[in-house]
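K.L.:
Listed below are the residues making up each chain.
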Amino acid sequence: MDKKISVKVCLGTTCFVMGSSNLQELIETVPAKYGDRVEVSGVPCLGLCSIDWEFSKAPYVKVDDEVIKEATVEKVLKAIDEKLNK
Amino acid sequence: MAMNTSTPKQTSHLKREILVRLIKAYLSDDFAENTRLIPYDMRPKGSEVPYRCCIHSERAILRDRAIAGLGFSIEETEDSTLLSELANKAEKRDVPEQQPLTVLTTACKGCVPSRVYVTDLCQGCVARPCVNTCKFGAISIQNGKSVIDPAKCKNCGMCVQVCPYQAIQKIIVPCESACPVGAIAKDENGHAKIDFEKCISCGKCASACPFGAVHEKSQIIDVLKNIKAGKKVIAMIAPAMIGQLPCTAQQLKEAIMKLGFADVYEVAQGADITTKNEAEEFEERLMKGAEFMTTSCCAGYNELVDRHIPEMKPFRSDTKTPMYYTAEIVKKEHPDAVTVFFSPCVAKKREALNNPNTDYVLNYEEVGAWFIALGIQVTECEGKEFKTESSAEGRNFCVTGGVAKAVQTLLPEDLPTHPVVIDGLTKQSVRDLKKYAKNGVCDLGNLIEIMACTGGCLGGNSTVNAMKPALKQVTSYVNSSKSIKEQVSGTEQVKQ
Ligand code: FES
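Residue numbers (the numbering used here), protein chains in the order written: chain A, 1 to 86; chain B, 1001 to 1496.
No lab work stands behind these hints: they were computed from the structure. Here the structure is a predicted model, which means the values were calculated and not measured. Incorrect hints may appear among the rest.
[As the list claims (entries may be wrong)] The calculated lysine-lysine pairs, modelled on DSBU-like cross-linking and capped at a C-alpha distance of 35 Å, are:
#1 K1228(B) - K1331(B)
#2 K1331(B) - K57(A)
#3 K57(A) - K1225(B)
#4 K8(A) - K1331(B)
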């Protein structure tokens, strides 16, 4: 069986204020859409926001090792689809 | 699709980024210069131009957004004024500006004026209901298709409704259609303009505009200045604040104190007084034969009554708002304190201007930006207890229906109480309210809770969290709190 894809939605304060508050729905919609092929969770600060002025690229989501900047629901779903179709 | 509405709006991202940069600039060793550089830092030479025609127009728009962040009116600021001059002016200002909203008209360009137009779907049918319904004779048939004469069209939309092919569409202007009182409209240049005589500061235009053209004038610099000066600055957090960030109320309190606040009060404490007074008042009014009473805690609704429905005044409760009572308590306990109300909406900025005990108002976006600027992670805080424990009902004031429910908790069971909730002001609900006031009766009930925002304060224009998770968090906090009934019976025992 293929390895599971892991999706980590950063719910740290910086990401949350910059928009991951609106990504929380992924935590419900992703399992509904992909079943157990994808594992999704909300995580504390990924440590990406504090470097230099990188807060401006928040919210961050990690799909496996890939970091998605200024993440939106659409961007995350696209990244998942690309990984699944590889 | 539901996803579109909940996907982060790029405009809030921009507004928040500018706030963070302003705060960082303020805390740096050269506030004025670093403020001037914000548009250049955000769009450095050779960078991509994501939204506008060229880098210069992007920078110009970012500059305008920063003007609002500094607390000034974009409309009234000369193009030649430098951000650095405004930064200095903001630092010297003693009182915030009167009108809390300002419009960035250059952002209005992408949005066409409201009009009705015929699409290609028009079949040129024989019945021609559009031609027949138009009261203004604006529609004629040319080359077998309906054509609207813009000079005659009054945008009434009747033709839209009667076309059997749904071939006629009305383009709306989001801010105009969101405003419940017709206070914002595009002028002859296509720029949205707020009529401040009519504006009730509900913030609906700010939420509705897809270009992020409507800004709140921020008071963040004023608050930062007071903290820097070593004043005792006290935060009063409205109940909706508890739902904004994924952490406990105690962690939130500690995080706010890390910003430099001397203490944090829950406005739910004042809400408890509102509940008690309003319950007494309602009972008294009913005894005297009153037909109905409306709540009076929502600042947007209060402005609506004052500016547009004066005939509602006798029906509106005379009880003061939770902000009022909380600020009164804080100033009594700390006469030397500077008080800051943490608000989910812009309307409270207007209310605070008329309340000598509330010095400043910050919204949740501004507070969030401040956490970012200082790199504070709320969940890393251990948590601090509040000195006064507020009731479950008080903490639930921010949820639609929560105020009426709280008042009802304290009313005698045999009193004929029929609560109704007006969940969000719209053009229609404003018409309904006018009708109730004029007729002196409301057929829906006698205890009318009115919330300007749909969903109550959790739906305020400057909230950070999405409605569903915010509601979940507030509800679990409410469920872990004691009922106001216990509080009331507790004080009665003390009296005896
Ligand atoms: S809060 Fe998301 S990376 Fe720090």
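K.L.:
Is K57(A) close enough to K1225(B), meaning Cα to Cα at most 35 Å?
P.N.:
holds, 28 Å
K.L.:
Between K1228(B) and K1331(B), is the straight-line Cα distance small enough, at 35 Å or below?
P.N.:
Cα-Cα ~20 Å, so holds.
K.L.:
Would you mind confirming whether the straight-line C-alpha gap from K1331(B) to K57(A) stays at or under 35 Å?
P.N.:
Not OK: K1331(B) and K57(A) at ~41 Å, beyond 35 Å, violated.
K.L.:
With a cut-off of 35 Å on the C-alpha distance, tell me whether K8(A) and K1331(B) pass.
P.N.:
With a Cα-Cα distance of about 45 Å, the restraint between K8(A) and K1331(B) is violated, given a limit of 35 Å.
Checked against the numbered hints given earlier, the structure breaks hints 2, 4 and satisfies all the rest.
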